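Each protein sequence line maps, in turn, to chains S and R. Following my numbering, the numbering of the first sequence begins with 1 at its first residue and continues without gaps. Following my numbering, the numbering of the second sequence begins with 313 at its first residue and continues without gaps.
What the hints contain is simulated information worked out from the structure, not anything from laboratory work. A couple of the hints might just be wrong.
[As the list claims (entries may be wrong)] The list that follows gives simulated cross-link-like pairs (lysine to aspartate or glutamate, EDC-like), each with its CA atoms no further than 20 Å apart: (1) K25(S) <-> E403(R); (2) K176(S) <-> E403(R); (3) K343(R) <-> E99(S); (4) K396(R) <-> E91(S); (5) K343(R) <-> E22(S); (6) K25(S) <-> D386(R); (7) K396(R) <-> D61(S); (8) K33(S) <-> D354(R); (9) K396(R) <-> D386(R); (10) K396(R) <-> D105(S); (11) K33(S) <-> D386(R); (12) K32(S) <-> E403(R); (13) K24(S) <-> E372(R); (14) K24(S) <-> E366(R); (15) K24(S) <-> E369(R).
[To be verified] Interface residues of chain S toward chain R, partial, derived using beta-carbon atoms under 7 Å: (16) K32; (17) K33; (18) D37; (19) H89; (20) D93; (21) Y98; (22) Y197; (23) F208; (24) G212; (25) D214; (26) D218.
Predicted model only: the values in this text are computed from it and were never measured. From the three backbone atoms N, C-alpha and C, an ideal C-beta is built for every residue, glycine too.
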Amino acid sequence: MVQQQHDPYQLLGVAKTASQDEIKKAYRQLAKKLHPDLNPGDAAKADQFGRVTAAYDLLSDPEKRRRFDAGEIDINQQERPERQYYRAHAEADPSARYEFEGGFDDLGEFFSRAFGGRASGGSFGERGSMRMRGQDRHFHLQVSLIEALTGAKKTVGLPEGGKIALTIPAGIEDGKTMRLAGKGEPGLNSGPPGDAYVRIEVSPDPVFTRDGDDIKIDLPVGIDEAVLGATVSVPTIDGRVNLKVPPNSSSGRVMRLKGKGAPKAGGGAGDMLVTLKIVLPNKADPALEEALKTWRENHPHDPRAGWKGGRR
Amino acid sequence: MIIMTKTEVLERVGRLSAERLEICVTRSWVKPRQGERGPAFDETDLARLQLIVELTEDLEVNDEAVPVVLGLMDELNTLRRRMKALDVVLEDLEPDTRRVVIEHLRAKILGEG
């Protein structure tokens, strides 16, 4: 293999006695197969083409060929300038002068919308005189959970000064991107402006958490409230409401406040789910201890009856 | 961007004669910008001229077939350019979304395999 890479005759697949015509013919055959502009993205063929070309440059020059045959030079001394093929230029050229002028409509809805209207009958001139749509801008905007749930008016500052005002729709979810048509960079030569895309990041709230369209909240209740029942004032995203805690409520019980959740896109709203958490007094309470001791003696109760953890 | 005159182009592109350069321009195989003193070539034009020389000299493409080959190549290069743009945009997607797109594409391509 190493031998082959250094032997220009083997690289071209010709005998040492081959005529100049045979060498040329062999090179042409290989070039048709290997030319990098006919095989875009194929690094192996591009590399082989480079070596074959170097071999041909050596053997097609009778003087170089004589010196190689005499062992005076080898193929590594053959100049092989690092070459950029046409494709690399074509894929980077901003003028689009050589872009395909046909349409992409037949490729399907997605490509037709994404790529359509770019090429237009080959009238692409200089970038300087071409009507071009402005670049899109991308922003991140942090909003509180309450702002995300109730909606808010915000502004984002532009790097070059000035700002864009935007209205956050009530109920927007974390990670959603808002598109502001025409708020991107201005177009060139009276081309239309680009769009602005604002990605919304919702910061967590100490009281409310969101779960889809529902909002969750933990509600601390005293042991007396849990046992005897109570009416407790709880916050919602649009003001406080009174919640009735039924008598004999366990910690972890979930109470549902219909329609007090996140606004839904199509109207209406999710629910608020209130989870009870029984909270004991900060300090041990002798009266409570006494009462419960008496209660325990007379009322045997197994809180872990039916608990699956009891059988493992 | 480096702009070159016809004379400079002839010095840079191997095996290209003034006569052939004229043919390449009049047949719009290359489309140099129009400068104040005649056509102004850039590196893209230069590479395209080098390609045309190789097509006609080494790959034995005759002059009638040159526009056909160039046209197909332009279509291929434009599509590759669009695919690269698509790649950049898809790379920006959320990892989960990207994974779904890749899975669907693979399934589709293997399905048609």
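Check: What hint numbers does the structure not satisfy?
Finding: 1, 5, 6, 7, 8, 12, 17, 22, 23, 24, 25 and 26
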